[in-house]
Amino acid sequence: MHIKSMAEYAANGETPEVLFWVGCAGSFDQRAQKITKAFSQILDKVGVKFAILGKEEMCTGDPARRSGNEFLFQMMAYNNIQTMNAYGVKKIVTACPHCFNVLKNEYPALGGDYEVIHHTTFLQQLINDGRIRLKEGGEFKGKKITYHDSCYLGRGNNIYEAPREVLQALDVELVEMKRCRTNGLCCGAGGAQMFKEEEAGTTRINFERSAEAIETGANIIAANCPFCTTMLTDGVKNKEKEDSVAVLDIAEMVARSLA
Amino acid sequence: MHLVQQILFILCAGISVYFFSKKVGEIRRNIKLGKDEDLTDNSGARWKNMVLMALGQQKMFKKPIPAFLHLAVYAGFIIINAEILEIFLDGILGVHRLFAPALGSLYAYLIGFFEILAVLVLLACVVFLIRRNVLKVKRLNQSELEGWPRNDANLILVTEVVLMSLFLMMNTADQVLQARGVEHYTLTEPFWISSNFTGMFAGLSDGTLIAIERGGWWLHIIGVFLFLNYLPYSKHLHIVLAFPNAYYTRLQPQGEMANMKEIQNEVLYMMQPELAPPSDGSQPAQQRFGAKDVMDLSWKNLLDAYSCTECGRCTSACPANATGKKLSPRKIMMDTRDRLEEVGKNINANKTFVDDGKSLVHDYITVEELRACTTCQACVEACPVGIEPLSIINQLRRYLVMEESNSPQEWNLMFSNVENNMAPWKFSPDERDKWAEEMAAEA
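As you go down the protein sequences, you meet chains W and L in turn. For the first sequence, our numbering gives the first residue as 78, with consecutive numbering after it. For the second sequence, our numbering gives the first residue as 1189, with consecutive numbering after it.
Rather than coming from a laboratory, the hints here were simulated on the basis of the structure. Quick caveat: nothing in here was measured; it's all calculated off a predicted structure. Backbone N, C-alpha and C fix where the C-beta goes; we use that ideal spot for every residue, glycine too. Certain hints may be false.
To be clear about the criterion: a stretch of chain W counts as covered by chain L if any three or more of its residues have a C-beta under 8 Å from a C-beta of chain L, and this derived list gives those stretches [stated by the list, open to error]:
| hint | region |
| --- | --- |
| 1 | 128-141 |
| 2 | 147-156 |
| 3 | 229-235 |
| 4 | 276-282 |
| 5 | 309-323 |
PhoX-like mimics (lysine-lysine), calculated; alpha carbons at most 20 Å apart, straight line [as the list claims (entries may be wrong)]:
| hint | chain 1 | residue 1 | chain 2 | residue 2 |
| --- | --- | --- | --- | --- |
| 6 | W | Lys81 | W | Lys132 |
| 7 | L | Lys1514 | L | Lys1223 |
| 8 | L | Lys1622 | W | Lys111 |
| 9 | L | Lys1210 | L | Lys1220 |
| 10 | W | Lys273 | L | Lys1480 |
| 11 | W | Lys220 | W | Lys318 |
| 12 | W | Lys111 | W | Lys255 |
| 13 | W | Lys255 | L | Lys1326 |
| 14 | L | Lys1614 | W | Lys132 |
| 15 | W | Lys132 | L | Lys1622 |
| 16 | W | Lys212 | W | Lys122 |
| 17 | L | Lys1251 | W | Lys255 |
| 18 | L | Lys1211 | L | Lys1539 |
| 19 | L | Lys1223 | W | Lys273 |
| 20 | W | Lys273 | W | Lys220 |
| 21 | L | Lys1250 | L | Lys1326 |
| 22 | L | Lys1210 | L | Lys1539 |
| 23 | L | Lys1533 | L | Lys1210 |
| 24 | L | Lys1614 | L | Lys1220 |
| 25 | L | Lys1247 | W | Lys255 |
| 26 | W | Lys81 | L | Lys1622 |
| 27 | L | Lys1223 | L | Lys1236 |
| 28 | L | Lys1533 | L | Lys1546 |
| 29 | L | Lys1223 | L | Lys1480 |
| 30 | L | Lys1251 | L | Lys1324 |
| 31 | L | Lys1220 | L | Lys1514 |
| 32 | W | Lys126 | W | Lys167 |
| 33 | L | Lys1250 | W | Lys255 |
| 34 | W | Lys81 | W | Lys111 |
| 35 | L | Lys1480 | L | Lys1546 |
Chain L extracted, bound-state conformation (with noise of 0.2 Å):
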C-alpha cells in the first residue's frame, strides 16, 4: 500500500515538474522575443529594489489594508511551503512526518505557527473573496476583468481557502490518530489550531480517520502540483516574477524617455554628413520606428506583462481612466501578456512566427486607448513590482507617428509649428522674447 502510494507521489511530482518547466521555457523563450536592453548595470540599487519592493512589498503599503492582507497571504504562502518541503520527501520516502522525531518539541511549535499562518491565509482570502465579489471594490471589477481574468481570481483564492483547509483537516484527524496510537502516525505535541478541532473526529473510526488524513494529504499534495501547472497561466504568476521585476525595473527618473539612438544618429548625419559612417552600398536594415507588435517591444516589457497581477492600482491611479476614457494602463499590460501568449502559439505550432495578420496596437490595444495618455507617471509610480505600461504606451504612440503617419489634426498642426516656428502654436519665433521688450518698456 505504501509502496503504492510512493510510486503515484513521484509519479504526480515528475509530471507536474516536467509540464511546469516545459511552460517555464516557453515564457522564458516569448519574453526573450523582445528586444535586447541592458539592464545589467548598478546591481547595487537593483538588489535594494528587489528586497525592498518585492520581498519587502514597500509599495503596497500606499493602501494599508490590502497590503495587511496580501501579507499575510505571502508570508503564508513563502513559510507554509517550507512544509511542503516536508510534505515531499514524506511522499517520496514513503514514511510521515519525516522531520517530527528529529526536531522533538520544536515540530510541535513550528506546524503551531504554520497553522496560525494557514488560518490567516484563509481569512485574508475570504475578505480578498468579499471585497471582489460583494463589496465590488472598482478597481477589481473594472470592463477588462469580464470573463477569464475575474474567474482565474476567485479561482486562485478559493484554491487558497481549499488548500488550507485540507492542511488544517489532514492535522487534526492526525492527531486524533496520534493519540489512539495508530501505527505509523508519529507522537508529537498538540499542534495550536488543528487540535482544538480535534473532538469534531472524535467519532470517527481509525480507517476513516486514516482516509481523512489520507484523503486531506493527497488532495494537499495534488492541489500544490496543479496550482504549480496552473500558474504560468494565471495572473498569479507574479509570485515568482515580481523579485526578477523589481530587480530590473527602471532606475532612472521616471520622467526621463527612452532615447532613441537610431534616429538621433540619423539627425546628426543629417546636420553634419560629414559624421556619418561611409555607406558600403549595402542598404540599411529595414527597421520599424517605435513598437507595433510585442517583438518591437524590449524584453522587460515583456516581463511586466507576464509579471502584472491586475491588482489595477495602476488604472486606478490613471487620470484618464478616472475621467472616462477607454485607457486602462493595466488593460495594456494584459492585452500585451495576451498577444504574446498568443505569438507563442504561434511559434509552438510552427516553428517560427508566421504572420498572422494581427498585432498589438489596433487588435488588442485601440489608438484611442493611446491618445488619452497624458504622462503622468502614476501607473509607473502604483505598482508594487516595478511595471512601466507608460513605457509600452510610448512605443506604440511613437509606432503610430512615425510609421503610420496617425495622429489627430490638432497634432500634426503642432509637429508643424514646432518644425517652422519652433514653438508648439503658431506664433512668429521673433515674438519670443517679446516679453522682455515688454518688461523693459514697463520699467
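If we strip away everything but chain W, and leave its shape as in the complex, we get (with noise of 0.2 Å):
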C-alpha cells in the first residue's frame, strides 16, 4: 500500500479529498504508529482519497505552547500554516486529540483555516455513510470495553458521542468508568507533562486512572489518543494486568473488524 505525500498530488496536479495529519506521536513512537497504519489501512480500504505531508510535518506546537513557551509555538504555528496553505489544504482529519485542538482551535487566529476533524468522528461518519463494512459478529463483538475519553476531546471540544457510538457499532459490551464524560479522568500526558517526570505526590495520574479501567473489569480500555494509550498501558503493566487487560486506540478495533 502506497500513501501519497501532499506532494505527490501537487504534482500530479490532483487534491485529496482529506489530508491525514499524523502527528509526532503516531510518526515516531513505536506504538502509536500501529494506530497510524491501523488508520491508514482502513482509509484505503474504503477508498478515501487522502494524503499526509510527510516530511514537510512538524509537531504542532501544541507541547510548547502547553507548558508556556508560546514563541516555540508561534514558529511551529507559522510553518505548518505556510506549508498548509500552500497546498491549499481545506480538510485535515487526525488520530491525536492534542493535534485536533490545536489545528481546529488555534491555528485559525494564526491565518490557518480548516475544517479538522478527530479521526474518532471520521470513523463514526464512514461509518453511518456505509462506507465502513464492518464484520458481523467481529472480534470485538460482546466483548467488555470500556471507554477512556482523553481531554482534548472531550473536555476540550465537547466531543464524547462519536467515539462511543463506533464502539457500539462494533457490538462491544460498553461499561462506563465513574468517572467519564465531562468528569472523564486526565491520563496524566497532558500540559507536556508527557515528556517529563511527574512531580512528587502519592501516585501517578496514569495509575490512578488506569486502575479505574480496570476496576470496570473490561478486558479492553478504548482510547482515543496516542498519549493515553500510552499512559493506560503503563499504568496496566503497573498493575500487572497486561495479560488480561489490552489498551486499544478505536481505529485499531475498526481495521480488526472491517468486513
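Both chains are given apart, each in its own frame, so use the hints to dock them into the complex.
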C-alpha cells in the first residue's frame, strides 16, 4: 500500500479528499505507529483519497505552548500553516486530540483555517455513510470494553458521543468508568507532562486512571489518543494486568473488524 | 422612642451602605488593574450562561445533595430578602409591618412562605456545618482552607442560622403581641411556622415580648448590615459576583488557549521582515510575556478570583491534586485574590502601587504547583460559576518559561527537539514518514 504525500498529489495536479495529519506520536512512537497504520488501512480500504504531509509535517507546537513556550509554538504554527496554505489544504483528519485541538481551535487566529476532524468522528461518519462495512460478529462483539475520554477531545471540544457510537457499531458491551465524559479523569500526559517526570505525589495519574479502568472489569480500554494509549498501557502494566487488559485505539479496533 | 429608633436605623443604614460602597469601589478598582480583554461579544450566549449557570445553578447539580441544600439557601436568601425591603422601610418610616394592611390575607401567606424558606435555610446551613466539621468532606477540609478560610465558611453558616432564628423569633413574639392587641402590632393572620411556637412566649409580659420582638428586629437588621459589609471581605461575595462572572465566562471551546498576538507578530516579522511596521526609532515599550503578578493577568482572571467561594469542586476534580501533588486549582484562585487584596492595600496606602518585592508567582504560587498541571480542564469544567483556574496557570507558566527560562531540564530538551527535529523527541525529521514506507514494504 502506497501512501501518497501532498507533494505527490500536487505534482499530479490533484487534490486529496482529506489531509491525514499524523502528528509526532503517530509518526515516531512505535506504539502509536500501529494506530497510524491501522487508520491508514481503513482509509485505503474504504477508498478515501487521503494524503499525508510526510517529511513536511512538523510538531503543531502543542507541548511548547502548553508548557509556556509561546515563541516556539508560534514558530511551529507559522511553518505548518505556510505549508498547508501553500497546498490549499481544506480538510484535515488527525488521530491525535492534541493536534486536533490546536489545528481546529488555535491555528485559525494565526491564518490557518481548515475543517478539522478527529479520527473517531471521521470513523463514525464513514460507518454512518456505509463506507466502512464491519464484520458481522467481529472479534469485539459482546466484549466488555471501557472507553477513556481524552481531555482534549472530551472537555476540550465536547466530543463524547462519536467515539462511543463507533464502539456501539462494533457491538461491544460498553462499561463506563465512574469518572467519564465531562468528569473524565486525565491520563496524566497533557500539558507537556508527557515529556517530564511527574511532580512528587502519592501516586501517578496514569496509575490512578488505569486502576479505575481495570475496576470496571473490562478486557479492553478503548482510547482515542496516542498519549493516553501509552499512559494507560503503562498503568495496566503497573497493575500487572497486561495479560488480561489491552489498551487499544478505536481505529485499531475498527481496522480489525472491517468486513 | 420611635423617633430615636428611626434616627438610629437611618444612621446604621447610612454607615453600612457607605462602607459597603467604599469597599465595592476598591474591588472594582482592583479588578480593573488587570489587562484589558474584550468580552462583550455574543451577548445572547452570555445572557444564557448567566441564566443557566448563576440563576439556574445548572453546574451545581453535578453533585445533587449539596446542590439541593444550596438551592434552599439561595432561594431563601433571595426571597426572604424581599422581606428586608419591608423591614428597611419600617425602619426608615418608623412604622410596623408596612405592607400588612395593603396586602391583607396575602401578607400572612407571604410571611408564611418566607418562614418556610427560613426553616429550610436554617436546616441546610446546619447540614453544611455538619458536612464541614463533623463528616469532614474532603474538599471542604484541604490544607489551603486552614485558618481564615475555614473560619470564614463557618462564620457565614452560623450567621445564617442566627439570622433565620431571629427572624422566626421576632415573628413569634409579634404574633403573641398581636393577639393581645398591643398597640402598634398590626393584626395579621397567623404565620405558618412561627404561629406554632407562640405557646413558648405565652407566659411572658408585654414588655418582655416587645423587647424580644424589637431585639429580634434590631439584631436581624444589624446582622444584615454587618453581613453586607462582611461580604466583600469574604468568599461569600460569590452571591453577587457569580452573575457577572457567569456572563463573562469563556464561550470558546475549553481546549483553546489564548493567543499571544505580540509573539505571533514577532515571529511573523522575523520570518517576513517586509511585513514589519517601519520603525520610528523609538524603543518598543518593555513588555512582560506571561504573568508574574496579578496586574499581568486579565481583568476576568481577577473577577474570577473575587467570585470564588472556595467550594473546591475544581480541586476535587484535579488529577494532580487527586494523586497527591501540591497543585490545587482552588488555591490558585485564593492566592490570586489574596495577592490582589494585598496590592489593593498597597495602593490605598501609597496612592499608586509601590513595588513590595513580591509577586503572585513564587511568593504565593510555587513553581512546583504550576508544573503539576496537565491542562486537562477538569477544574474549568467543574466550576459552577465559570471560573478558569487554568487560564491563570497557563499565564504564569508562560512567564516562568519565557521570562525566567525556568523550566525542567526535560522540557528544555523537548523544546530543543521541537526546534531542531520538529518533534518533541530526538528523531530525525527524515524518518517522519518511515511508517508509510514500512506499510508499502509490508504490502
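Results of checking the hints against the structure:
no. : hint                   : in the structure
1   : 128-141                : holds (count 9)
2   : 147-156                : holds (count 7)
3   : 229-235                : holds (count 5)
4   : 276-282                : holds (count 7)
5   : 309-323                : violated (count 0)
6   : W/Lys81 to W/Lys132    : holds, 12 Å
7   : L/Lys1514 to L/Lys1223 : violated, 28 Å
8   : L/Lys1622 to W/Lys111  : holds, 12 Å
9   : L/Lys1210 to L/Lys1220 : holds, 15 Å
10  : W/Lys273 to L/Lys1480  : violated, 23 Å
11  : W/Lys220 to W/Lys318   : holds, 17 Å
12  : W/Lys111 to W/Lys255   : violated, 29 Å
13  : W/Lys255 to L/Lys1326  : holds, 18 Å
14  : L/Lys1614 to W/Lys132  : holds, 15 Å
15  : W/Lys132 to L/Lys1622  : holds, 9 Å
16  : W/Lys212 to W/Lys122   : holds, 14 Å
17  : L/Lys1251 to W/Lys255  : holds, 14 Å
18  : L/Lys1211 to L/Lys1539 : holds, 16 Å
19  : L/Lys1223 to W/Lys273  : violated, 32 Å
20  : W/Lys273 to W/Lys220   : violated, 35 Å
21  : L/Lys1250 to L/Lys1326 : holds, 17 Å
22  : L/Lys1210 to L/Lys1539 : holds, 15 Å
23  : L/Lys1533 to L/Lys1210 : holds, 13 Å
24  : L/Lys1614 to L/Lys1220 : violated, 45 Å
25  : L/Lys1247 to W/Lys255  : holds, 18 Å
26  : W/Lys81 to L/Lys1622   : holds, 13 Å
27  : L/Lys1223 to L/Lys1236 : violated, 26 Å
28  : L/Lys1533 to L/Lys1546 : holds, 14 Å
29  : L/Lys1223 to L/Lys1480 : holds, 13 Å
30  : L/Lys1251 to L/Lys1324 : holds, 16 Å
31  : L/Lys1220 to L/Lys1514 : violated, 30 Å
32  : W/Lys126 to W/Lys167   : holds, 13 Å
33  : L/Lys1250 to W/Lys255  : holds, 13 Å
34  : W/Lys81 to W/Lys111    : holds, 18 Å
35  : L/Lys1480 to L/Lys1546 : holds, 10 Å
Figure legend: structure checked against the earlier numbered hints; hints not met, in rising order: 5, 7, 10, 12, 19, 20, 24, 27 and 31.
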